[in-house]
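Novice: Given next are the chains, with one letter for each unit.
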Amino acid sequence: MNAINQAILWLNDPLNWSNPGGILDRLGEHLWISFAAVLIGCLVAWPVGLWLGHTGRGGGVVVLISNVTLAIPTVALLTILPLTPLGFGQRPVILALAVFAVPPLLANAYTGVRQVDPEARDAARGMGLSGRQLLTRVELPLAVPYLATGFRTASVQVVATAALASFVNGGGLGQIISAGFGLGMSVGGGQILAGALLVGLLALGIEGLLALVERALTPRPLRRPGRFRRRPATA
Amino acid sequence: MQYADAPGNPWFSWQYLRDNADTVLSALVEHVTLTTQAVAFAAVVGLPLAVLAYWFRPLTGPILALSGVLYTIPSLALLAFVAPLVGTTRPASVLIALVLYALLLIVRNTLAGLNQLPAEVLDAAQGMGYGRFARLFRVDLPLAIPAILTGLRLATVSTVALVTVGSLIGYGGLGDLILGGFRNNFYKAEILVGTVLCVALGLLLDLLLAGAGRLLTPWTRGARG
Numbered sequence: 001m002n003a004i005n006q007a008i009l010w011l012n013d014p015l016n017w018s019n020p021g022g023i024l025d026r027l028g029e030h031l032w033i034s035f036a037a038v039l040i041g042c043l044v045a046w047p048v049g050l051w052l053g054h055t056g057r058g059g060g061v062v063v064l065i066s067n068v069t070l071a072i073p074t075v076a077l078l079t080i081l082p083l084t085p086l087g088f089g090q091r092p093v094i095l096a097l098a099v100f101a102v103p104p105l106l107a108n109a110y111t112g113v114r115q116v117d118p119e120a121r122d123a124a125r126g127m128g129l130s131g132r133q134l135l136t137r138v139e140l141p142l143a144v145p146y147l148a149t150g151f152r153t154a155s156v157q158v159v160a161t162a163a164l165a166s167f168v169n170g171g172g173l174g175q176i177i178s179a180g181f182g183l184g185m186s187v188g189g190g191q192i193l194a195g196a197l198l199v200g201l202l203a204l205g206i207e208g209l210l211a212l213v214e215r216a217l218t219p220r221p222l223r224r225p226g227r228f229r230r231r232p233a234t235a
Numbered sequence: 001m002q003y004a005d006a007p008g009n010p011w012f013s014w015q016y017l018r019d020n021a022d023t024v025l026s027a028l029v030e031h032v033t034l035t036t037q038a039v040a041f042a043a044v045v046g047l048p049l050a051v052l053a054y055w056f057r058p059l060t061g062p063i064l065a066l067s068g069v070l071y072t073i074p075s076l077a078l079l080a081f082v083a084p085l086v087g088t089t090r091p092a093s094v095l096i097a098l099v100l101y102a103l104l105l106i107v108r109n110t111l112a113g114l115n116q117l118p119a120e121v122l123d124a125a126q127g128m129g130y131g132r133f134a135r136l137f138r139v140d141l142p143l144a145i146p147a148i149l150t151g152l153r154l155a156t157v158s159t160v161a162l163v164t165v166g167s168l169i170g171y172g173g174l175g176d177l178i179l180g181g182f183r184n185n186f187y188k189a190e191i192l193v194g195t196v197l198c199v200a201l202g203l204l205l206d207l208l209l210a211g212a213g214r215l216l217t218p219w220t221r222g223a224r225g
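Protein chains in written order, with the UniProt record's numbering: chain V, 1 to 235; chain D, 1 to 225.
Bound conformation, chain D alone:
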């Protein structure tokens, strides 16, 4: 192990990567798992919430206010609230905190997308005899895909960054590398590997979602070039 004052404490070293490939890989896997689980849960809970707020206007205020309050609470505080109640020996504590954060972004963007649908389209759907659910699945949601996707992308990128906070209780994915390096006599190579992988993962997932969006909305492609 190298020390902070030793001449050899470079920001990047292949040696570190070769020696610790297993640790890095498992941290990466944990990071990806936590992120995808959190975003998936948030989408499963958030989309119906947004639809409820869209159908029943009086619910819009409370739902947005609740998720807004959740978003104001610092991530560390939220983790600290959840951990003593759920237990720190499980990644579930981190997951719950992450889901609560991703929720707001998904609900807010989905709701904005649904509320901005052109009135003529909705009238046409009404005229074709679509019921509430048929219209939702065949007209409203497909047309709101771009907005929903914006929410998903924001939620994903910020979740990737937030996962690192979980390393306080030992389930932080790449954050464990970053903090591990800091505690380990400021081992710069470990810190940088964690950081770079984190940023790269965020951008990669963002690109994947953007690509999925293009596939799902072929009608926007011609217009936007």
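Chain V on its own, in the form it takes in the complex:
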């Protein structure tokens, strides 16, 4: 295949790695954008999700937010936010990606608290824990596996979606692919394939890495059987 040879050639050119706007630059941008988006998502979604789960209300709200977010095209949000007072640059991109990180984080935080054994909750109440203590000392620790699953789902989604930031020149590895399409298939075909390979490998690598971290951080008694691990609460 011609395009595949071109892609290998393109990846073997050291200038494509180290130039300004080369692979290393783009990788750094990609990781920074994703990290900031997931961080904002966590700061917003976890407190809300834990609180809704604690009070037992808002199940409908969680489902509604997930459904509506699913229907909004990423491309649209990435296009609209820079035209608001936010302005251009990385800020609107980070915010747009954070919006897509919220549903899995929120849903898993909510489910995580809801699934806590009612008897454990009653026992904690009986020991005289206040609502706040109940949340931080009993429900939060027991929800950790769900929080971890949500974090992983959100992170992988954001890293994958960050590639679309290239539509609005927001940086990231997707920029390599977009630039390739801009050159046309005969010239840029190799670059397109190379960019696809890089973005795909990054997403799969992050998924694998986070799976290992999740396993290492979850206390042994809370580790759920393998068949439940891949099922986020949003689906």
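Do not take every clue at face value.
Which residues of chain V face chain D? A few of them, derived with a C-beta cut under 7 Å, are [said to hold, decoys possible]:
1) Leu70
2) Ala71
3) Thr79
4) Pro85
5) Gly89
6) Val156
7) Gly174
8) Phe181
9) Ala196
Computed spacing ranges between beta-carbons, pair by pair [unchecked claim]:
10) Leu85(D) - Asn19(V): 35 to 41 Å
11) Arg91(V) - Pro58(D): 36 to 42 Å
12) Gly59(V) - Leu207(D): 26 to 32 Å
13) Asp123(D) - Ile8(V): 54 to 60 Å
14) Leu207(D) - Ile4(V): 39 to 45 Å
15) Val44(V) - Leu207(D): 41 to 47 Å
Listed next, the stretches of chain V that the computed footprint assigns to chain D, with coverage defined by at least 3 CB atoms under 8 Å from CB atoms of chain D [what the hints assert, rightly or not]:
16) 92 to 100
17) 165 to 172
18) 186 to 195
Honestly, the hints are just simulated from the structure, not real lab data.
All C-beta atoms in this analysis are idealised placements derived from N, C-alpha and C, irrespective of residue type, glycine included.
Here the structure of chain V is known, so what remains is to put chain D in place on it, guided by the hints.
Specialist: Leaving out everything else, chain D in the frame of chain V:
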């Protein structure tokens, strides 16, 4: 044409809709076509895959793992993989990428539905002398309809949103409007029309499928009210 800094670049304008009704309509038609084709293909491939995984347990892991890996690959990357191999002059590139994404949701939900059938029902079907295929079509699949439908609805809504990515190679339906407006000196009315139609289309198709589900499963209606 209006410019970004001109006072008249509103988020919504009837003028734009009147002048560009044809463009908007053809983008909408392209969007609906790509979505329905992708979901239909994914259902045609995904349902048998799920049934295979249901019948032969050892296949469950590999099938779920493969579709999971596919889902992890970013949509832009998948499009970029497919486009040089299939060619960018055809909507087929977009379609293939869309089908691969819808596949996972359909397989996963169908399999979950089939695996959750009550054992007594299956025993009863066995006792009535149903063979493998008779049981599949008369008992297993009808009872799994709610789960299958959940998968179809998720797949449809996310496909509607994903179609827009195809506008990178010029087959993005309403996404072409969104990006076209962005490139066209940030013509806000065009962007918003594309976005609103996209979200409305997703919700409308979701409602249609939910309605079809109610018609197909009359036995659940009494229980759920």
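Novice: Would you check whether Thr79(V) satisfies its interface hint, that is, whether its CB is within less than 7 Å of any CB in chain D?
Specialist: With a minimum Cβ separation of about 5 Å from chain D (threshold 7 Å), the hint on Thr79(V) holds.
Novice: Against the range 54 to 60 Å, how does the distance between the Cβ atoms of Asp123(D) and Ile8(V) compare: consistent or not?
Specialist: Distance hint for Asp123(D), Ile8(V) holds at roughly 57 Å.
Novice: Just to be careful: measuring from the Cβ of Pro85(V) to every Cβ in chain D, is the smallest value less than 7 Å?
Specialist: Check failed: Cβ of Pro85(V) comes no nearer than 13 Å to chain D, outside 7 Å.
Novice: For the hint on Gly174(V), just tell me whether its beta-carbon gets within less than 7 Å of chain D.
Specialist: 5 Å, holds
Novice: Using the nearest Cβ pair, does Ala71(V) come within less than 7 Å of chain D?
Specialist: 4 Å, holds
Novice: With a cut-off of 7 Å on the beta carbons, see whether Leu70(V) makes it to chain D.
Specialist: 5 Å, holds
Novice: So, Gly89(V) near chain D? Judge it on the closest CB pair being under 7 Å.
Specialist: Constraint on Gly89(V) not satisfied, violated at 15 Å.
Novice: Counting residues of the segment 92 to 100 of chain V that have a beta-carbon nearer than 8 Å to any beta-carbon of chain D, does the count reach 3?
Specialist: violated (count 0)
Novice: Given the range 39 to 45 Å, decide if the beta-carbon distance of Leu207(D) to Ile4(V) lies inside it.
Specialist: For Leu207(D) and Ile4(V) the Cβ distance comes to about 44 Å; the hint holds.
Novice: Falls inside 41 to 47 Å, the C-beta gap from Val44(V) to Leu207(D)?
Specialist: 29 Å, violated
Novice: Given the hint of 36 to 42 Å, is the C-beta distance from Arg91(V) to Pro58(D) inside that range or not?
Specialist: 49 Å, violated
Novice: A closest beta-carbon separation below 7 Å is what the hint needs, so does Val156(V) meet it against chain D?
Specialist: Holds. Min distance 6 Å.
In this structure, the hints that do not hold are numbers 4, 5, 10, 11, 12, 15 and 16, in rising order.
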